[in-house]
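Engineer: Each chain, letter by letter, is given below.
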Amino acid sequence: MDLSTTHSGTNTFDPKAIRAQFPLLERDMNGKPLVFLDSAASSQKPQVVLDALNHYYTYLNANVHRGVYTLSQEATDAHEKGREQARAFLNARSNREVLFTRGTTEGINLIAQCYGQAFIKEGDEILISGMEHHSNIVPWQILADRTGAVIKVIPVLENGDLDMVAFDRLLTRKTKFVSVVHISNSLGTINPVKTIIEKAHAQNTPVLVDGAQATPHLKIDVQALDADFYVFSGHIIFGPTGIGTLSGKEKWLEAMPPYQGGGEMIKTVTFEKTTYNELHFKFEAGTPDISGSVGIGVAMEYTQQLGYEAMQKHEQDLLHYATEGLSQIEGLRIIGQAAHKASVVSFLIQGTHPYDVGTILDKLGIAVRTGHHCTQPLMDHFGIPGTIRASFAVYNNREDVERLVEGVQRATRMLL
Amino acid sequence: MTIDQIQQEIIDEFSFFEDWMEKYEYIIDLGKGLPLIDATKKNPDHLIKGCQSQVWLDAQANQNGNIQFTADSDAIITKGIIALLIRVLSNQTPQEIASSELRFIDAIGLKEHLSLTRSNGLVSMIKQMKLYALAYQHKAQESND
Chain A
0 MDLSTTHSGT
10 NTFDPKAIRA
20 QFPLLERDMN
30 GKPLVFLDSA
40 ASSQKPQVVL
50 DALNHYYTYL
60 NANVHRGVYT
70 LSQEATDAHE
80 KGREQARAFL
90 NARSNREVLF
100 TRGTTEGINL
110 IAQCYGQAFI
120 KEGDEILISG
130 MEHHSNIVPW
140 QILADRTGAV
150 IKVIPVLENG
160 DLDMVAFDRL
170 LTRKTKFVSV
180 VHISNSLGTI
190 NPVKTIIEKA
200 HAQNTPVLVD
210 GAQATPHLKI
220 DVQALDADFY
230 VFSGHIIFGP
240 TGIGTLSGKE
250 KWLEAMPPYQ
260 GGGEMIKTVT
270 FEKTTYNELH
280 FKFEAGTPDI
290 SGSVGIGVAM
300 EYTQQLGYEA
310 MQKHEQDLLH
320 YATEGLSQIE
330 GLRIIGQAAH
340 KASVVSFLIQ
350 GTHPYDVGTI
360 LDKLGIAVRT
370 GHHCTQPLMD
380 HFGIPGTIRA
390 SFAVYNNRED
400 VERLVEGVQR
410 ATRMLL
Chain B
0 MTIDQIQQEI
10 IDEFSFFEDW
20 MEKYEYIIDL
30 GKGLPLIDAT
40 KKNPDHLIKG
50 CQSQVWLDAQ
60 ANQNGNIQFT
70 ADSDAIITKG
80 IIALLIRVLS
90 NQTPQEIASS
100 ELRFIDAIGL
110 KEHLSLTRSN
120 GLVSMIKQMK
130 LYALAYQHKA
140 QESND
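Read top to bottom, the protein sequences are chains A and B. Counting from 0, one number per residue, gives the positions in the first sequence under numbering that gives the first Met the number 0. Counting from 0, one number per residue, gives the positions in the second sequence under numbering that gives the first Met the number 0.
Take the hints with a grain of salt, since some may be wrong.
Only some residues are given here: those of chain B computed to face chain A with a beta carbon under 8 Å [to be verified]:
| # | residue |
| --- | --- |
| 1 | W19 |
| 2 | E24 |
| 3 | I27 |
| 4 | L29 |
| 5 | C50 |
| 6 | S52 |
| 7 | D73 |
| 8 | A74 |
| 9 | I75 |
| 10 | T77 |
| 11 | N119 |
Hints listed in this document are in silico derivations from the structure and should not be mistaken for laboratory results. Even glycine gets a Cβ: it sits at the ideal position worked out from N, Cα and C.
Could you put the whole structure together from the sequences, leaning on the hints where they help?
Structural biologist: Structure, rendered in structure tokens:
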């Protein structure tokens, strides 16, 4: 699919033309033009993704992998094309190393359960970080409860960086698994996952990277990172909800027992014994989300064609513009000021509650997230109930930032 | 005044507001003016935990058996809505509170604050106010028996 002609007519990065490809951004909210600053929770979808979903259901829909008729073959081809797009997107070694999941959460749960069942035992330590989303905490707690393993936490420094000195200390022979977030959804911190992986591998400890927030902003190469597992969600990278990708090294996936039983994942079934299908089928029981794999494939290709370098430049400009503008507001404190940061600004205003500020911004047509962002331990660490979070995607512009800053000023005037 | 009369009074008051800003400025003022809950009641037993904001609620029966509510929240808009709920339900009989239908919230355009995504503790607070009323109703019946 050639997107260069659909967004700008050339290969130059044109923010205005990119924004125009996201039809939802045309709508109003509470009588004002919508300013959508919650892309870290779920991004909007470009027309190419919407068209791909519509095309799938209009022309290709049939169950995959077992039909002898042409339509089923075409649906299978579309589904597996999504997998190949995901492989290329992540630079995974082979399609056998690319599984479809419901999203990041399911990816982490799959690894916690299946890797955990095969390799984790009592007294083993699982190392996570203090800035994990609940989805990278709770699955490990469930595993720890079941096995008697122990969870260790890499602390977060005041500026929002991981305490890498503490990491060196916490990574011991007892550490049997490391699971860390690539980019913090609450703070925007870009973690040094390559260093973490290198150090963990020096102890033969595998590493899972939660890439939910990373894939829309950073070029991912799982081979260069040498990540054992890399998981992300389609809906944060301009794709549909309900689909995600798990890339895992074949040696681990082969050694892990399956997660769910059902159709597709088996080779032979008798009432006495079932033999499992090979990768990737082993971990994909049941009819897959076929339109989802089509949609996420197109979304990944779309993102790649936008170009990460140009996208980052644009997003970093918005981040700095927002940080500068918000910092002028009296009593405003930005939570998370790491040197390497994605386009996320989390903040608080002295004397106000995030819920109140978020409510007034909503009335002004500005969609932000308020609360603990599913990172309660991180909020507790900073001693705050939550933050107001504005997250910027490629389709946002400086006008959105200006509306946000004006909105926050207005909210502050009303509330204080 | 009955619960329904107070609700109507609030609906009439809110009809004077020209836009959302005036309305919210009023709610914020109500929040700021909400009488403090007894400090000893602001404890985990009285806490209604929402995902976004939290509410503390206490209920006491006065001499004639009517219920007095006091409450607090960490968010001021939530607190303003609490002030309205207390104005409607406080100093009423347990029976009236338990069987009340709170139509004013929808009528003055604050329904969104009771939606699932808000998770601000208000829905649970209303439920808890009615549960307190039921508890006092039972208590009164028992002492009459």
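Engineer: Each hint: holds or not?
Structural biologist: Going through the hints against the structure:
no.: 1; hint: W19; result: 5 Å, holds
no.: 2; hint: E24; result: 6 Å, holds
no.: 3; hint: I27; result: 6 Å, holds
no.: 4; hint: L29; result: 13 Å, violated
no.: 5; hint: C50; result: 6 Å, holds
no.: 6; hint: S52; result: 4 Å, holds
no.: 7; hint: D73; result: 5 Å, holds
no.: 8; hint: A74; result: 4 Å, holds
no.: 9; hint: I75; result: 5 Å, holds
no.: 10; hint: T77; result: 7 Å, holds
no.: 11; hint: N119; result: 6 Å, holds
Hint 4 alone, counting from the list given before, is not met by this structure.
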